[in-house]
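Student: The listed protein sequences derive, respectively, from chains F and R.
The first sequence begins at 1 in full-length UniProt numbering and counts up one residue at a time.
The second sequence begins at 1 in full-length UniProt numbering and counts up one residue at a time.
These are computed hints drawn from the structure, not numbers from a lab.
It cannot be assumed that every hint is accurate.
[What the hints assert, rightly or not] Here are the computed distance ranges between Cβ atoms for each label pair:
id, chain 1, residue 1, chain 2, residue 2, range
1, F, L255, R, N56, 56 to 64 angstroms
2, F, S253, R, T143, 38 to 46 angstroms
3, F, N339, R, Q3, 29 to 37 angstroms
4, R, V177, F, G34, 49 to 57 angstroms
5, R, V177, F, T23, 33 to 41 angstroms
6, R, V128, F, S253, 48 to 56 angstroms
7, F, P68, R, A97, 51 to 59 angstroms
[Unchecked claim] Computed list of lysine-lysine pairs in DSS-like fashion (alpha-carbon distance at most 25 angstroms, straight line):
id, chain 1, residue 1, chain 2, residue 2
8, F, K375, R, K112
9, F, K326, F, K341
10, F, K303, F, K188
11, F, K303, R, K112
12, R, K131, F, K263
13, R, K62, F, K378
Every residue gets a Cβ at the ideal spot worked out from N, C-alpha and C, and that includes glycine.
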Amino acid sequence: MKRQGLVSIKVALYGMDPRSHKTMELYLKGPCRGIAEVVPEADAEIDIIDADFATAGEILQTRRQQTPERPILLLSLEFLKIENTYFVQKPVNAEQLTAVLSKIVSSKKPKQLIEPEQPVTTLGVSPAAIQDAIPQENTDTANPSPKATKSRKTFANNEGGYTAFLGTLSDIDFSDPEQLQRASFDAKSHLLGYVLSAFKVACHQGKTQQLNSIWKPILIFPDTRQIWLDADDKQLRVFAGIEQNHTFAGKISLLAVDAAISKIGLAADKFQDIDVFIWKLTIWTSKGRFPASINLQQAVYLKHWPNFTRLLLTPDAMRIAALLLKDPRTPLQLANLLNIKPQYVFAFISACNSLDILGQCQRSADFMVVPEVPKPSKKQNLFSKILNKLRGD
Amino acid sequence: MSQYKIIFTGPVGAGKTTAISSISDAPPVKTDAAASDMTKNRKSSTTVAMDYGVMNLEGGEKIHLYGTPGQERFDFMWDILTNGGIGLVLLLDNTRADPFQDMRFFLEAFDKFIANTAVAIGVTQMDVSSKPSITEYHQQLQTLGLKPPVFSVDAREHNDVSLLVQSLLYSLDPGLVGE
Numbered sequence: 001m002k003r004q005g006l007v008s009i010k011v012a013l014y015g016m017d018p019r020s021h022k023t024m025e026l027y028l029k030g031p032c033r034g035i036a037e038v039v040p041e042a043d044a045e046i047d048i049i050d051a052d053f054a055t056a057g058e059i060l061q062t063r064r065q066q067t068p069e070r071p072i073l074l075l076s077l078e079f080l081k082i083e084n085t086y087f088v089q090k091p092v093n094a095e096q097l098t099a100v101l102s103k104i105v106s107s108k109k110p111k112q113l114i115e116p117e118q119p120v121t122t123l124g125v126s127p128a129a130i131q132d133a134i135p136q137e138n139t140d141t142a143n144p145s146p147k148a149t150k151s152r153k154t155f156a157n158n159e160g161g162y163t164a165f166l167g168t169l170s171d172i173d174f175s176d177p178e179q180l181q182r183a184s185f186d187a188k189s190h191l192l193g194y195v196l197s198a199f200k201v202a203c204h205q206g207k208t209q210q211l212n213s214i215w216k217p218i219l220i221f222p223d224t225r226q227i228w229l230d231a232d233d234k235q236l237r238v239f240a241g242i243e244q245n246h247t248f249a250g251k252i253s254l255l256a257v258d259a260a261i262s263k264i265g266l267a268a269d270k271f272q273d274i275d276v277f278i279w280k281l282t283i284w285t286s287k288g289r290f291p292a293s294i295n296l297q298q299a300v301y302l303k304h305w306p307n308f309t310r311l312l313l314t315p316d317a318m319r320i321a322a323l324l325l326k327d328p329r330t331p332l333q334l335a336n337l338l339n340i341k342p343q344y345v346f347a348f349i350s351a352c353n354s355l356d357i358l359g360q361c362q363r364s365a366d367f368m369v370v371p372e373v374p375k376p377s378k379k380q381n382l383f384s385k386i387l388n389k390l391r392g393d
Numbered sequence: 001m002s003q004y005k006i007i008f009t010g011p012v013g014a015g016k017t018t019a020i021s022s023i024s025d026a027p028p029v030k031t032d033a034a035a036s037d038m039t040k041n042r043k044s045s046t047t048v049a050m051d052y053g054v055m056n057l058e059g060g061e062k063i064h065l066y067g068t069p070g071q072e073r074f075d076f077m078w079d080i081l082t083n084g085g086i087g088l089v090l091l092l093d094n095t096r097a098d099p100f101q102d103m104r105f106f107l108e109a110f111d112k113f114i115a116n117t118a119v120a121i122g123v124t125q126m127d128v129s130s131k132p133s134i135t136e137y138h139q140q141l142q143t144l145g146l147k148p149p150v151f152s153v154d155a156r157e158h159n160d161v162s163l164l165v166q167s168l169l170y171s172l173d174p175g176l177v178g179e
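Construct the complete structure from the given sequences, taking the supplied hints into account.
Tutor: Next up, the structure:
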């Protein structure tokens, strides 16, 4: 049944019991006309994972760590869009599976077009919630949207590593002025809102608080302005992006705890400065959207510079800060004046808003006059050279 | 070819010499001597004239990095040093008795230069003494009507010093674009 003149693709199967494993092996040989043959994992070109398997998240994580360059194909009853993976819905259709496998092979270097992304983790939330949290532009499926794929490539090429900081969203076209106006997020619907609220309570009461949720507990120490969380940034980034539902909200609790007792046995390297934590949590929640509490039509002002040597530096953050400290401006004025993507401004004002160093002009006088455009320095050429030197070192 | 310079200033032990070393292309010329006055309580040697480093830019241009001597008795040199400077980097030691007083002193001493250029403030030793906080520095600066960048800085870290100098450049020209 093997197709003439074509070499079988070497695949490894994961998350399948012996019966399923054998069935898939035969299916690839038979209905799929030998497009692929099952080999030991060390020899495989593609990993195929049954995403409905109990420990599929862990398997995915392991595969990404061990063979980061190897394409991964997920099979699931639920429609999945997970970054850096291909997908075929179960029950598997031979035509569809063949098409996706062929597509993977025909892509010379598929991974180069896709930014590194965090693995799926078993966070105790529904697959649908995980799916929502994963930036969807960088996902390839059996029926990929040509528009989404194109924009992903453009974005990745233009922005390089910064994409990994902001994340991407396929449901918002930031080049569409109408969609841009609606590209907001509500912190209260995310972990961020609960953390901000818990931090306020901790400061108000002057007591350490433990924020419990369906995820890992977060300890907040107002005296030292620190938080403690037993999770790395990759995990935090995934959870930050998940829009919480009523189930999540129902499991949230905040407990005052004794600071001295609660610190016993805590890993020292899991303590983080609260500002640093809130800043990055906001950026990963925002994904280039602006806070719903900010009116895009009104100017915003910055109270002071963020402490950039200790914060996750987002694209053009220093330029935005410098310009905003000269005069209040609307977020879109900032983007236009600096000729940068609105997402960069939105992510920045979101993070500043969470740290309470950003305000919105309310007086009518603030809208009377459009602030002057700063004149370029006569030494701009020299400054650019210094900048390049500092960044290039 | 024009000669440009960035001035590093601050009290004794704030890390001026180290900061210049972090971004200088050539080993900085140090003019340290054994401390014999009150300075010896803070460090064994101190800069008695000035430190000098250089950044070589594309096209053959150079940026000279000058560190002022920390002791106030050398403040007659400061006007000379700032002549032709493009901006000021003020480093403050957070373990000193009154860092705010230090800050006010240097901002006042260089007020004309700052008014014509810009200042970026780096607070060192925050790992040893976290108080006052960066927010409290901003509150103090607000009373002076200033909003300069204020960053926690480890003067030994190139990235910290680099970001501080970058913030100085963006303060001078927010429209600045690197390659």
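Student: Decide, hint by hint, whether the structure agrees.
Tutor: Structure-based check of all given hints:
1. F:L255 - R:N56: 56 to 64 angstroms: holds (58 angstroms)
2. F:S253 - R:T143: 38 to 46 angstroms: holds (42 angstroms)
3. F:N339 - R:Q3: 29 to 37 angstroms: This hint holds: roughly 32 angstroms between Cβ atoms.
4. R:V177 - F:G34: 49 to 57 angstroms: Once the Cβ atoms are compared, 54 angstroms apart, the range 49 to 57 angstroms for F:G34 and R:V177 holds.
5. R:V177 - F:T23: 33 to 41 angstroms: violated (58 angstroms)
6. R:V128 - F:S253: 48 to 56 angstroms: violated (37 angstroms)
7. F:P68 - R:A97: 51 to 59 angstroms: For R:A97 against F:P68, whose Cβ atoms are near 52 angstroms apart, the range 51 to 59 angstroms holds.
8. F:K375 - R:K112: Satisfied, since the Cα-Cα distance of roughly 21 angstroms is no more than 25 angstroms.
9. F:K326 - F:K341: holds (20 angstroms)
10. F:K303 - F:K188: At roughly 24 angstroms apart (the allowed maximum being 25 angstroms), F:K188 and F:K303 satisfy the hint.
11. F:K303 - R:K112: holds (24 angstroms)
12. R:K131 - F:K263: Holds, at roughly 22 angstroms.
13. R:K62 - F:K378: Judged against 25 angstroms, a Cα distance of about 17 angstroms means the pair holds.
Comparing the model with each earlier hint shows violations of hints 5, 6; every other hint is respected.
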